[in-house]
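Line order of the protein sequences matches chains A and B.
Letter 40 of the first sequence, counting from 1, is numbered 40 in this note's numbering, and no numbers are missing.
Letter 38 of the second sequence, counting from 1, is numbered 38 in this note's numbering, and no numbers are missing.
Simulated from the structure, these hints should not be mistaken for lab results.
This one's a predicted model, so the numbers in the text were calculated from it and none came from an experiment.
You may find that some hints are simply not true.
The list treats identical chains as one, so a pair stands whether inside a single copy or across any two.
Claimed, not checked - Distance condition first, Cα-Cα at most 27 angstroms in a straight line; then the derived BS3-like pairs of lysine-lysine:
1. K25 with K112
2. K15 with K91
3. K25 with K15
4. K112 with K73
5. K112 with K11
6. K58 with K15
7. K91 with K73
8. K15 with K112
9. K58 with K11
10. K58 with K73
Number of protein chains: 2
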Amino acid sequence: MVDNNWLDAIKWDEKGLIPAIAQAKDGRVLMVAWMNEEALTLTVQEGRAIYWSRSRQKLWRKGEESGNVQVLKEIRIDCDQDVILLEVEQKGGIACHTGRHNCFFKRLVDGKWEEVDPILQDPETIYTKK
Amino acid sequence: MVDNNWLDAIKWDEKGLIPAIAQAKDGRVLMVAWMNEEALTLTVQEGRAIYWSRSRQKLWRKGEESGNVQVLKEIRIDCDQDVILLEVEQKGGIACHTGRHNCFFKRLVDGKWEEVDPILQDPETIYTKK
Numbered sequence: 001m002v003d004n005n006w007l008d009a010i011k012w013d014e015k016g017l018i019p020a021i022a023q024a025k026d027g028r029v030l031m032v033a034w035m036n037e038e039a040l041t042l043t044v045q046e047g048r049a050i051y052w053s054r055s056r057q058k059l060w061r062k063g064e065e066s067g068n069v070q071v072l073k074e075i076r077i078d079c080d081q082d083v084i085l086l087e088v089e090q091k092g093g094i095a096c097h098t099g100r101h102n103c104f105f106k107r108l109v110d111g112k113w114e115e116v117d118p119i120l121q122d123p124e125t126i127y128t129k130k
Numbered sequence: 001m002v003d004n005n006w007l008d009a010i011k012w013d014e015k016g017l018i019p020a021i022a023q024a025k026d027g028r029v030l031m032v033a034w035m036n037e038e039a040l041t042l043t044v045q046e047g048r049a050i051y052w053s054r055s056r057q058k059l060w061r062k063g064e065e066s067g068n069v070q071v072l073k074e075i076r077i078d079c080d081q082d083v084i085l086l087e088v089e090q091k092g093g094i095a096c097h098t099g100r101h102n103c104f105f106k107r108l109v110d111g112k113w114e115e116v117d118p119i120l121q122d123p124e125t126i127y128t129k130k
């Protein structure tokens, strides 16, 4: 029998979700997505990042279509127990659906959002595996 | 006149908030807090992290009591434009109210949250400057 007490510590929001930051070992923040209890439980059980897609209202096994799986290395929680921090190994080196290494590729420069990181793979070719 | 078009790009949640990750230059994630439009505008104007405290329902100039100000170095937004990533210089080297370097000091180890990072300063002594 699995001891799930660690789940009881978590402060889910009013929708039963918690934000999860995925970070690479080199420190770069890859993305932020949301988890419900099932997604977080499965993330730990399967050793890969599994989120709850708010737009699709279903579990989202990151990489299920692209192959760009996030292998779980470590999982942390913050002092308020309302944010998860995952250390992951990003397969394919691409976390963002735009084909970039990570989702934070727009930087505020002189009052404008500038795209400062390159597209590594044409997004048209990322999702052809399904 | 200040051009605030960059604010129009942001997808605020139903409460008018956006989560903001504060990250140190060495890559360590310090904390996550929330911003409303005023907090984000002031963060950019004043060059320091200013959040919206959901518990106190007021602006929270990080470090206003402790002196542990977060000096803004860079601000990014993700592809969905619903998460902010700040690069900051953490004054005092302590971001967490528990007296630790950052708020993500609990790691999931064998089904339990373990405190894996040290307290650097007794929290009793952090908030005596007010």
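Violated constraints from the hint list, given by number and in increasing order: The structure conflicts with hints 2 and 3, although it agrees with all the remaining ones.
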